[in-house]
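Protein chains in written order, with our numbering: chain V, 1 to 413; chain U, 1 to 299.
Calculated directly from the structure, the hints in this document are not laboratory data.
Hints may be right or wrong, so weigh each one.
[What the hints assert, rightly or not] EDC-like cross-link-like pairs, simulated, lysine to aspartate or glutamate; straight-line CA separation at most 20 Å:
no.: 1; chain 1: V; residue 1: K400; chain 2: U; residue 2: D60
no.: 2; chain 1: V; residue 1: K412; chain 2: U; residue 2: E54
no.: 3; chain 1: V; residue 1: K400; chain 2: V; residue 2: D246
[What the hints assert, rightly or not] Here's a subset of chain U near chain V, in silico, CB distances under 10 Å, partners left out:
no.: 4; residue: L126
no.: 5; residue: R137
no.: 6; residue: S189
no.: 7; residue: E192
no.: 8; residue: G257
C-beta: ideal position from N, C-alpha, C; glycine also.
Chain by chain, the residues run as shown.
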Amino acid sequence: MNKINFACLILTISILIAGCGVQQEQAEEDISLNLLETNWETILKEAKDQTVNFHMWGGDDRYNRYIDEFIAPRLKEETGVTLNRVAITDTKDVINKLQNEKSVNKKDGTVDIIWINGENFKLAKDNGLLWGSFASQLPNVRQYVDINAPDIQYDFGEHTEGMEVPWGKAQFVFIYDEAKITQPPKSIKELGEWIKQNPGKFTYPAPPDFTGSAFIRQALYETTGGYEQYLNAANEEELDFIPLWDYLNEIEPNLWRGGETYPESLAKLDQLYSNGEVWMTMAYDPGKASSQIEKGVFPETTRTFVLEGGTLSNTHYLSIPFNAEHQAGAMVAINYLLSPEAQFAKMDPVHWGEGMSLDPSKLSNEDREQLHLLDLGKATLPADELAKYKVPEIPANYVKWLEEGWFEHVAKR
Amino acid sequence: MNMWQKGNPYLYVLPAVFFMIIFFFGGILQGVLQSLGVSIFHDDAQFTFKAYQELAQSIDFWQSLSLTFKIAFLSTLLSALLGMIIAFILFIISLKAYNTNRFPFLYRIFQYPLVIPHLAAGYLFLLLLMQSGWLSRISFQLGWIEEIYQFPILVNDTFGWGIILTYTWKEAPFITLMVYPVLLRVHKSWYEVARLYGSNMIKFLKNVAFPLVLPAWLSSIFIVFAFTFSAFEIPYLLGVTYPQLLPVYSFELFMHGGWEERSQSLALNIILAFITGILGIISYLLSKRWLSSERRGWE
C-alpha cells in the first residue's frame with residue numbers, strides 16, 4: 001500500500017515538473033525571439049553577468065592567448081560578460097554534438113559561440129543547428145562590416161543569411177627564403193619551371209591535409225582557366241580535372257624525394273623548410289611566416305609571395321547554435337570581437353597576425369591611421385597587395401572530389 | 001550471510017566484467033555492425049557485405065595489407081631477436097659476475113625506450129634520421145658526406161625502414177622485459193652443475209635457458225606483432241603517401257570519407273582484429289604445447 005502511495009506521489013511530482021518545464025520552455029523561446037528584434041540596450045542588460053562558452057579550435061597557442069589574455073579581460077570589464085574558451089580539436093565534433101542534441105531535443109546546450117566556416121557551416125545551416133539571423137543586431141557589424149561583399153556574404157558558395165558573422169580573413173600565400181630565391185615565381189606555370197630548375201627543393205603536403213588540398217585547388221584554377229567556372233556547384237561527371245593532374249604529375253619527378261612520397265602534414269613541410277631541405281613552404285595564413293621568424297623557427301630571410309592570378313582566400317565566421325543558453329552574452333561577445341580594437345589586436349603578429357573582417361573604408365579616420373601604423377611583420381605582405389591578388393574559394397563539394405582524384409591520379413602513380 | 005560470502009568474488013569482478021562487455025565487446029560489435037552497413041544513427045541503412053566486397057576488389061587494400069604484413073613481420077622479427085640477445089647478454093653478465101647484484105643499471109638502460117610514447121619515438125627517429133636530421137648533419141660536419149642529400153633515405157622511404165627501425169627500438173626492450181625475469185629464475189648453481197658435466201655456455205643457453213624462456217618469448221612476440229600490425233602513429237609519421245599501411249588507410253577513410261567509406265574503414269579494422277585474433281589463437285596453442293612439455297623443468 002505504501003509503495004502505491006509513493007508511486008502516486010512520484011507521478012504527481014513528475015507531472016508538475018514536466019508542466020513547469022513546458023511553461024519555462026515557452027518563456028525561453030519568447031526571449032530568444034525577442035533578442036533578434038529588441039534593441040541593443042536590452043541585450044546588453046540581459047547579457048551582463050552571463051558566462052559564454054566559446055568553442056574554438058585550440059591547436060594554435062597564439063589564438064588561444066589572444067582570446068584568454070586580450071579579449072576575455074577587456075570584454076569582462078566593458079560588458080560584464082565572462083568569456084570561457086573551450087578548446088576543441090575539430091569543429092566537426094561540435095557539429096556532431098549539436099546534431100545529437102537536436103535529435104534528442106536538448107534545449108539548454110553548452111555551446112554559446114562556435115567558430116565555423118565552409119563545409120561545417122553548410123552542414124549546420126542545412127540541419128537547422130544555428131540559432132537565427134542575428135548579424136544585423138550587432139552594432140559593430142552594422143557600422144564596420146561590408147555585408148554585401150561577395151567574400152563575406154558567401155561562405156564557400158553558401159549564403160550566410162546573417163546566421164554567422166565574419167571574424168577574420170585568411171589568404172593562401174607561398175613562403176620562401178629570400179637568401180636562396182631572388183625572383184619567386186609569379187604563377188603556377190612559373191612555379192613549374194622553377195621546380196624543374198631546382199629539383200628536390202619543392203613539395204606540398206599530401207591532401208587531405210588542409211593546406212595541401214588548398215595548394216591543388218590553387219593549381220586547379222590556373223591550369224583549367226580561372227576560378228569563375230567553379231563558382232557554382234556542378235556534378236562530378238561534368239568536371240575536367242585532367243590538366244591539373246597532368247601538371248602535378250609533370251612536376252612530380254622534380255619534387256622533394258622525387259615525388260616518391262609527400263609530407264603527410266603541413267607541420268612536416270615546415271620542418272623540411274626550416275631545416276633547409278626544401279626552399280619553399282606555404283600557409284593559408286598570410287601572417288604565419290612573420291610570427292615563425294619571430295619565434296626563431298623560420299630563417300630571418302623568410303618572405304611570402306602571392307600569384308599574379310590571385311591566391312585563394314576565405315572568410316571565417318562566428319555563429320550561435322540553436323540551443324545556446326546565453327544568446328545575449330554570445331551576441332555581446334561577438335560584437336566585441338568585431339570591434340576595431342579587437343580586430344587590430346588580432347592583426348598584430350604578436351597576437352595572431354591575420355586579416356581583419358572589417359571594411360577599412362568604414363573605419364573612422366583615427367582608426368584608419370592606427371591601421372597604417374600597425375607593424376605586420378617583415379614577411380607579411382601589405383593588406384592592399386593581398387587584397388589585390390585574391391580569388392574566392394571553391395564550393396565545398398569540389399574539395400572531396402579533388403582530394404580523391406589526387407590520390408588516384410597523382411599519389412598512386 | 002553465507003550466500004553473500006559465496007557471491008562476493010563474482011560481485012567484485014562485476015564492474016570489470018561490465019566494463020569489458022560494454023566497451024570492448026560492445027565496441028567490436030558496433031564496429032562489425034557498422035562495417036555491415038547497419039547503424040543506430042541511420043534508419044535507412046541496410047545490411048550488406050558491400051564494404052568487404054569493395055575492399056576485396058581494391059588494389060589499394062591488398063597493397064596495404066601485404067606492406068603492413070611485411071613491416072609488422074620484419075619489426076617483430078628484429079625486435080624479437082634483439083630483445084632476446086639483450087636478455088641473454090644481461091643473463092651471461094649476471095652468471096659471470098661474482099656479485100649477484102645482476103647489474104640493475106645496465107638493465108635500466110635497456111628499459112628507457114619503454115617510457116617513451118610511440119608518437120614521440122616516431123618523431124624522434126624522424127629528427128634523427130631525415131636527410132636534414134641530426135645524423136645527417138653530424139656526418140656532414142665530419143666530412144663523411146659532401147652534401148646532406150647523400151645521407152641515405154631512412155625515413156618516409158618506400159621500403160619502410162624508418163618504421164621498422166623505430167618499432168625495433170621501441171619493442172626490443174619490451175621483449176627483454178618479458179624474457180629477462182624468467183631467466184633470473186635460473187639459479188647460478190645450475191650453470192655450475194652443467195659445467196661440471198662438461199657443458200659450455202652456448203650449450204647451457206641452448207639446452208637449458210632457451211626452452212625455459214620460450215613461452216614468455218612467444219607470447220611477447222605475439223603482442224609485438226599484434227601491436228605493430230595495427231598501430232597508427234609511427235606509420236603515419238614515417239610512412240609514404242602510397243601505399244599506406246592499413247591503420248593509416250583506415251584512418252584516412254574514416255576521417256575524410258563519406259558514410260560509405262566509413263563502413264569500409266570499419267571493415268578494415270574488423271579484418272585487422274580478425275587477423276590478430278587468429279594469430280593470437282595460434283600463439284596461444286603453440287605456447288600451451290611448449291608450456292605443458294617444458295613446465296616440468298621448474299618443479
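Cut-off 10 Å, beta-carbon criterion: hint that R137(U) touches chain V
holds (9 Å)
Under the criterion that the straight-line Cα-Cα distance not exceed 20 Å, is the pair K412(V), E54(U) satisfied?
Satisfied, since the Cα-Cα distance of roughly 18 Å is no more than 20 Å.
Hint check: 10 Å Cβ-Cβ cutoff, L126(U) to chain V
It holds, given that the least Cβ distance between L126(U) and chain V is near 8 Å, below 10 Å.
Restraint check, 10 Å cut-off on beta carbons, for G257(U) near chain V:
holds (8 Å)
Is it true that the CA of K400(V) sits at most 20 Å from the CA of D246(V)?
Holds, because 19 Å separates the two Cα atoms, which is no more than 20 Å.
E192(U) as chain V interface residue, shortest Cβ-Cβ below 10 Å
violated (56 Å)
Does S189(U) pass the interface check with chain V, least Cβ-Cβ distance below 10 Å?
Hint on S189(U): violated, closest Cβ of chain V at ~56 Å, above 10 Å.
For K400(V) and D60(U), compute the direct alpha-carbon distance and say whether it is at most 20 Å.
Judged against 20 Å, a Cα distance of about 18 Å means the pair holds.
Comparing the model with each numbered hint stated earlier shows that hints 6 and 7 do not hold.
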